[in-house]
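Spelled out from the first residue to the last, the chains are:
There are 2 protein chains.
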Amino acid sequence: MVHYLGLDLGGTNIKAGVVDELARIVSKGSVPAEAAEGPERVVYNMVRVGREAVEKAALTMAEITAIGIGSPGPLSVERGVIHNSPNLPGFVNFPLRDRVAASLDAKAVLHNDANAAAFGEYWSGAGREMQHMVMFTLGTGIGGGVVSDGVLLRGCGDNAGELGHIIVHPEGRQCGCGQNGCLEAYASATHTVRRAEEAIAEGTSSTLSSLDSISAKRVAEHAQKGDALAIAVLDGAAEALALACVSLRHVVEPQLVVLGGGMAAAGELILAPTRKHYQRHMWKLQDSHPLRIKLASLGSDAGFIGAAGLAQQIFPE
Amino acid sequence: MVHYLGLDLGGTNIKAGVVDELARIVSKGSVPAEAAEGPERVVYNMVRVGREAVEKAALTMAEITAIGIGSPGPLSVERGVIHNSPNLPGFVNFPLRDRVAASLDAKAVLHNDANAAAFGEYWSGAGREMQHMVMFTLGTGIGGGVVSDGVLLRGCGDNAGELGHIIVHPEGRQCGCGQNGCLEAYASATHTVRRAEEAIAEGTSSTLSSLDSISAKRVAEHAQKGDALAIAVLDGAAEALALACVSLRHVVEPQLVVLGGGMAAAGELILAPTRKHYQRHMWKLQDSHPLRIKLASLGSDAGFIGAAGLAQQIFPE
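As they're listed, the protein sequences go chains D and H. At position 22 of the first sequence the residue is numbered 22 (this note's numbering), and the sequence of numbers has no breaks. At position 21 of the second sequence the residue is numbered 1021 (this note's numbering), and the sequence of numbers has no breaks.
No lab work stands behind these hints, which were simulated from the structure alone. Given the structure is predicted, the values throughout are model-derived calculations rather than measurements. Heads up, the beta-carbon is just placed ideally off N, CA and C, and yes, glycines get one too. The reader is advised that the hints may include incorrect statements.
What the hints assert, rightly or not - Calculated pairs, SDA-like style, for lysine to any residue (alpha carbon to alpha carbon, straight line, at most 25 Å):
1. K1284/H <-> G178/D
2. K1284/H <-> N180/D
3. K276/D <-> R1173/H
4. K284/D <-> Q1174/H
5. K1107/H <-> D149/D
6. K1276/H <-> E171/D
7. K1028/H <-> L1059/H
8. K1056/H <-> G1299/H
9. K107/D <-> F315/D
10. K1276/H <-> Q174/D
11. K284/D <-> G1172/H
12. K1284/H <-> G176/D
13. K1056/H <-> D1301/H
14. K284/D <-> P1072/H
15. K1294/H <-> T1140/H
16. K1284/H <-> P86/D
17. K284/D <-> V1081/H
18. K276/D <-> G1172/H
19. K276/D <-> E1171/H
20. K1284/H <-> G90/D
21. K284/D <-> P1074/H
22. K1276/H <-> H169/D
23. K1284/H <-> R194/D
24. K1284/H <-> N84/D
25. K1056/H <-> R1099/H
What the hints assert, rightly or not - Incomplete in silico selection of chain H near chain D, CB under 10 Å:
26. C1156
27. D1158
28. L1163
29. Q1179
30. Q1255
31. W1283
32. H1289
Produce the entire structure from the sequences given, and follow the hints as far as they go.
Quick look at the structure:
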């Protein structure tokens, strides 16, 4: 059996896992990233948690065919370099791939973290056995990835799959990126909270107004209990997602859209209205391959699994 | 030198051309499709114009490595079958690829016509030397194609690149497909004319109102002469295009968007406002690969060139 080491670098934690060629997790672990300490400390932590995962799998690094790394971008897959990242202080043109590869004495590939998570869901999660899949990572912001005919689309500068910045309402809310009407300005956790807060400030009554602070999780809980504002806020997020799904369906024609990230923890509360709005906005022409919309199935393991899978694509043995 | 025969089946004409492996046109020709006569007549005409192009190239069919066919869809690339097509009466589950291949005694591939045209512009037109390109075919309707890392995206059912049905204004105009706010409902020739007619009916003054009938060409001519309504109509088409470009930029990150089809004959009158609106709607974050937007360069030859190029990808010699 051939084994890969997947590393998923986040602003808060680093996750590591040994994954075999059939996408089965053999071992896994997690450590704080300590990103504020700068890139040297982050590399040290990545190497440490990677080694620990390999030991836990009862393997040696010599038995690891290659390492896959998922990291916040922007980055260069070709060069294995982080250009700079708002969540990773000091990472300016930092050769993360080669630093990790040298320390662990193995070949490595570097990909955008949301792209890696999408590839993970494709390889062994909700998209297993699908060749055409799109994943949305609905977190503080919105990222994603597009797999077409089994290939993760990278784009000309490794920025494909920035699905949060599809424009769904051109005259709509301003996004943190500066554009108006981005999907992210409706369906990210940040904007879900903000939309609830704005409605309450405008006088809409809601059980949320009694809370000290609102979170996306609270919005989902109050929607579950029937709060009309919370339901309306999730419905707006779902409609924005559905509009993006219709456009994606026409551009890349996936079989499946997967919803992952923190907002997807709302489960049916986000899934059902997304499906409903998709049916409403999508054409009614005969469709031999009707799009499926599902929740992600790998949780926070998707990143390291996908990174390992991308390593396997480049270094099949 | 290896040669391919490209055939581009339209509702009105069939274009044929012999193209060498370096994408140079060796010969070309065109005949009426006579689509109303049904599929047998269409096949007869395709075979005839194909043979003529090969003879004109001073070649025999034995010297043609493979045939590429572009056709209106929906169709199956895998099976080489036209499912049914509003513009091709009688083509119901019709095995166009194998019928043409058998008559000409050569291997053949079948692709959607707009996809083929996009591949043509990628292979030897405006997108030559680009690996990531999107093309819009702005005609009666809007089609297109997406080339990512040199690969034409097909999608799960060979319907990728239906770019006219990206939703740009969710509360907007109804499209012929039944969706609201499609790009096609703003930037196709049909809707460009309709938007001008509607504005005139609502009392907007325009030099177009003196015409017996308005066409997209006339709209461009009157815009050129400074007619405010004609300019505004083209500007609306350009803004819709720009919104689609922003979303495409984030989804597949092309280096280049190519505008082709009849509406692109307006040249700078459509190109300049599309670029302007793209700059306005696109984020201002640092962009190491700024998107270029250009006019197509192959005209109506793009279809058979691209079909030949797709044949070359499958049958490299």
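Here's how the hints hold up against the structure:
1. Simply put, K1284/H and G178/D have alpha-carbon atoms about 7 Å apart, close enough for the 25 Å limit, and the pair holds.
2. Pair hint K1284/H plus N180/D holds up; C-alpha atoms about 12 Å apart against a cutoff of 25 Å.
3. Taking the CA atoms of K276/D and R1173/H, the gap is about 21 Å. The hint holds against a cut of 25 Å.
4. Under the criterion of a C-alpha separation no larger than 25 Å, the hint pairing K284/D with Q1174/H is consistent with the structure, at around 13 Å.
5. Note on K1107/H and D149/D: the hinted pairing holds, with a Cα-Cα distance of about 23 Å set against a maximum of 25 Å.
6. Annotation: proposed proximity of K1276/H to E171/D holds, straight-line Cα distance about 17 Å (limit 25 Å).
7. With a CA separation close to 13 Å, the supplied pair K1028/H and L1059/H stays within the 25 Å bound.
8. The suggested pairing of K1056/H with G1299/H holds, with an alpha-carbon distance near 21 Å, which does not exceed 25 Å.
9. Straight-line distance between C-alpha atoms of K107/D and F315/D comes to about 8 Å, which keeps the hinted pair within the 25 Å bound.
10. For the hint linking K1276/H to Q174/D, the alpha-carbon distance of about 19 Å falls within 25 Å, and the restraint holds.
11. Simply put, K284/D and G1172/H have alpha-carbon atoms about 17 Å apart, close enough for the 25 Å limit, and the pair holds.
12. With a C-alpha separation of about 11 Å, the suggested pairing of K1284/H with G176/D holds against the 25 Å cut-off.
13. For the proposed pair K1056/H and D1301/H, the alpha carbon gap of about 16 Å is at most 25 Å, so the pair holds.
14. Restraint check for K284/D and P1072/H: the C-alpha separation of about 19 Å stays at or below 25 Å, so the hint holds.
15. The hinted pair formed by K1294/H and T1140/H meets the criterion: a straight-line CA distance of about 20 Å does not exceed 25 Å.
16. A hinted pair counts as satisfied when its Cα atoms are at most 25 Å apart, and K1284/H with P86/D qualifies at roughly 16 Å.
17. The suggested pairing of K284/D with V1081/H holds, with an alpha-carbon distance near 22 Å, which does not exceed 25 Å.
18. Annotation: proposed proximity of K276/D to G1172/H holds, straight-line Cα distance about 19 Å (limit 25 Å).
19. Of the supplied pair hints, the one linking K276/D and E1171/H holds, its CA atoms being roughly 17 Å apart against a limit of 25 Å.
20. The suggested pairing of K1284/H with G90/D holds, with an alpha-carbon distance near 22 Å, which does not exceed 25 Å.
21. Distance hint between K284/D and P1074/H is fulfilled; the C-alpha atoms sit about 15 Å from each other, no more than 25 Å.
22. Restraint check: the Cα-Cα separation between K1276/H and H169/D comes to about 19 Å, which is no more than 25 Å; the hinted pair holds.
23. At most 25 Å may separate the alpha-carbon atoms for a hinted pair to count; K1284/H and R194/D meet this at roughly 23 Å.
24. Straight-line distance between C-alpha atoms of K1284/H and N84/D comes to about 16 Å, which keeps the hinted pair within the 25 Å bound.
25. Simply put, K1056/H and R1099/H have alpha-carbon atoms about 23 Å apart, close enough for the 25 Å limit, and the pair holds.
26. Hint status for C1156/H: holds, given a least beta-carbon distance of 4 Å to chain D, under 10 Å.
27. Hint status for D1158/H relative to chain D: holds, with the closest Cβ pair at about 8 Å, below 10 Å.
28. For the restraint placing L1163/H at the interface with chain D, the shortest Cβ-Cβ distance is roughly 7 Å, inside the 10 Å limit, so the hint holds.
29. At its closest, the beta carbon of Q1179/H sits 5 Å from a beta carbon of chain D; the interface hint therefore holds under the 10 Å criterion.
30. Interface restraint check: Q1255/H against chain D, minimum CB-CB distance 4 Å, threshold 10 Å, status holds.
31. With its C-beta approaching chain D no nearer than about 4 Å, W1283/H sits inside the 10 Å limit, and its interface hint holds.
32. A distance limit of 10 Å between C-beta atoms decides the matter here; for H1289/H the minimum to chain D is near 4 Å, and the interface restraint holds.
When held up to the earlier numbered hints, the structure conflicts with none and fits them all.
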